[in-house]
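K.L.:
The primary structure of each chain is shown beneath.
Protein chains: 4
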Amino acid sequence: MQAWPLLRRAAAEFVATLLLLAAVVGSGIMADKLAPSVPALALLCNTVATAATLLALILAFGAMSGAQMNPLVTIAMARRGKQAWHDVPAYVAAQIAGGLCGTLLAHGMYGLPLLQKASHVRSGYDQWLSEAVATFALLIVIFGCERGGATRAQFAAAVAAIIAGAYWFTASTSFANPAVTLARSITDTFAGIRPTDVLGFVAAQCLGAALAIVFDRWFFGATSREPA
Amino acid sequence: MQAWPLLRRAAAEFVATLLLLAAVVGSGIMADKLAPSVPALALLCNTVATAATLLALILAFGAMSGAQMNPLVTIAMARRGKQAWHDVPAYVAAQIAGGLCGTLLAHGMYGLPLLQKASHVRSGYDQWLSEAVATFALLIVIFGCERGGATRAQFAAAVAAIIAGAYWFTASTSFANPAVTLARSITDTFAGIRPTDVLGFVAAQCLGAALAIVFDRWFFGATSREPA
Amino acid sequence: MQAWPLLRRAAAEFVATLLLLAAVVGSGIMADKLAPSVPALALLCNTVATAATLLALILAFGAMSGAQMNPLVTIAMARRGKQAWHDVPAYVAAQIAGGLCGTLLAHGMYGLPLLQKASHVRSGYDQWLSEAVATFALLIVIFGCERGGATRAQFAAAVAAIIAGAYWFTASTSFANPAVTLARSITDTFAGIRPTDVLGFVAAQCLGAALAIVFDRWFFGATSREPA
Amino acid sequence: MQAWPLLRRAAAEFVATLLLLAAVVGSGIMADKLAPSVPALALLCNTVATAATLLALILAFGAMSGAQMNPLVTIAMARRGKQAWHDVPAYVAAQIAGGLCGTLLAHGMYGLPLLQKASHVRSGYDQWLSEAVATFALLIVIFGCERGGATRAQFAAAVAAIIAGAYWFTASTSFANPAVTLARSITDTFAGIRPTDVLGFVAAQCLGAALAIVFDRWFFGATSREPA
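Protein chains in written order, with my numbering: chain L, 1041 to 1268; chain P, 1041 to 1268; chain W, 1041 to 1268; chain X, 1041 to 1268.
Just so you know, these hints were derived from the structure itself, not from any lab. Be a bit skeptical, because a hint or two may be false.
Pairs count within a copy or across copies, as identical chains cannot be separated in the list.
Below, in silico cross-link-like pairs of lysine to any residue (SDA-like), each with a Cα-Cα straight-line distance of 25 Å or less [claimed, not checked]: (1) LYS1122 / GLY1189; (2) LYS1122 / TRP1044; (3) LYS1073 / ASP1166; (4) LYS1073 / ASP1228; (5) LYS1073 / GLY1240; (6) LYS1073 / HIS1160.
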């Protein structure tokens, strides 16, 4: 995977994160339009679309750039020696830029104003606890798959599945990703988050990620049971 | 795969595309009949049926003809040397004929008039942008899987998943396939598209496909990391 | 697979078909109870439960008896030399008995009268055409997977997927199985079929199966590209 | 798998069962909140979230502790010599403690009182029969996959699928797990069960598990066709 030049890998992260956000925001708009009075149905459709797209993107972009699409995943991989530290800034920048462009693309596909100010309030201890749990769950699943020698297909299925589950079992519908959180702060649609609520979400996500890293290090210790 | 005579492979494309369209159009009729007032539910059922059928067809017909079912996929494969150029006309003809017959079969299964004139308006910049994005996403996923050495099962899962996602994240519900677009222009049911809107859809699909080919060539360059 | 004594393999077919029918009939009862006025939702839940159970049963019973659960599949396998002809009567008897017991079990789980007379009318050319198409699609998928060397997991996914798709794209909700049809004729619930309509369904299924066998023989000819 | 110290494996069972219960209870709360008047939709969302989370957890924790998350599975594995008997108490304790903490975590994420007394009545012959059937089906699927040499991914898919199916085809929505049953007795939400009903459920689950063990021993006899 690290055979490709950094520029191309960052471009792959950009395109993958762009399509991911187009899916998250776009399917939210469609679901809300078609089921305005049945929020459970709208969230179910949003869940199916997000998980399916995530599965396809990891299968497709995994061989290009790792298909991380998440700054916390990139940093955690670097911390564990699976990703070069000097690649991290380009990856994170590509993920953030890709996410923002993905939101704009979703607006474009639905003929909405490209620039919007999100008004969806997402704040409070329950939301923050939810984000910490969601990010912990996502990273523990990623670490567990990787340590256990999962194939890329298993990895893709596990990531898509835990996100689908966490969309429903957390009170925050599981952002679990700072790049996604930022990108969702510029849309005033179903998937939006008020800009002032971004910081709390990202802080909680970092906490959950740290907890997952601690558990992973304790469990596997010095042993490096990495996939062959 | 190319071991089979062209006639048989074209026949396999015909049957696969026929069953795909029977699924797209037939499940649209059923969904609309059972959930006339809950469009989100109808589209969700249409999505599940389409993605499941696509998965099964690629698993089953992949070893026969490649299970491409899409002229743009066939042309892209030929351009990349994975499909003989002189097979392309027979493949495309079989896909178009199979699609049209699949729509007729769906009408027959529901006791509707076989020949219909679609009246569902699908036009405008947002629809065209959506089709370009959907086709770009489909082809980039196909190329990424193939370049990364995906197995047929992973390939099938990725294609079914990106179509399921794009049914929801695009404003056009993701046709992403000229043969499917043509076949949906002869049904005045849930899945239909007005004949005069076909050209715009196909043009947008070609644009999205071209963009995916450009990205693929830039990313992988002269390197031909093809599956063994 | 043929290493096990016939009695055990027939017992495995009995248990697998019993659980399949418990799933088909039981989830129909539950879905109808929880969504009496939204038929699309009831059918979606019935579809999810059936496809998921089918996937699990094929993965689990595949190594015991082949997990065919369908007389037409058993006969088609025997015709192609993949199953001994003298095993067929025991298999078919086990499938039919298992299916009937599965329906009774579903009634028991919901506290309904064990013996019921189905009143759900399912007849007419559109229904018969639908059953022929559904059975053709099921068998063509099974043959294609097997000829292409699919693993048991791919086979299980393909079968579950085509059934899920055909629940929605056929007008008959895809029985595609004489043992299932018979078992559904003794329940007056969501999944039922009037006893007098069974013959038409089974005849249409046989027609669809024959068509699939003809296509398979023409396509693969004398070549016996069987999985290693 | 048994290479890891017992403490770590028990900790992994604790975390896995905690996340499983957070998913079961949490998604029930969310589903009930978003679809209070459409119980079929609420159960469908609960099903999707549970099955997806289960799939991810088995893929991730399988290599750590086996991801059993169920005392009956642990005991059955010990009985068949796949798990050391002296590990069983720690595993079961971790599963029960993890389950209870998972319910508390779900309450915390939704800002509900942490300690609750369940009032959801789940009793009667139909419920008990359902739990016996659900546990029989779960264990027979686990045994069949393991005996047939299933990979971890196939195993994870089969377990998630049979649970998804049994959520719908049993009258009890398939607890099939004493640790889960206990954990659901301390929540007065969608997924709750009245404490006095726990014993009946667990007894029925034990009966179903015993039946599965008997069938498994009869079918496979002295032959130990275990995965390589």
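K.L.:
Run every hint past the structure and note whether it holds.
P.N.:
We went through each hint and held it up to the structure:
no. : hint              : in the structure
1   : LYS1122 / GLY1189 : both (14 Å within a copy, 21 Å between copies)
2   : LYS1122 / TRP1044 : both (15 Å within a copy, 23 Å between copies)
3   : LYS1073 / ASP1166 : between (28 Å within a copy, 15 Å between copies)
4   : LYS1073 / ASP1228 : both (13 Å within a copy, 23 Å between copies)
5   : LYS1073 / GLY1240 : between (29 Å within a copy, 24 Å between copies)
6   : LYS1073 / HIS1160 : both (16 Å within a copy, 18 Å between copies)
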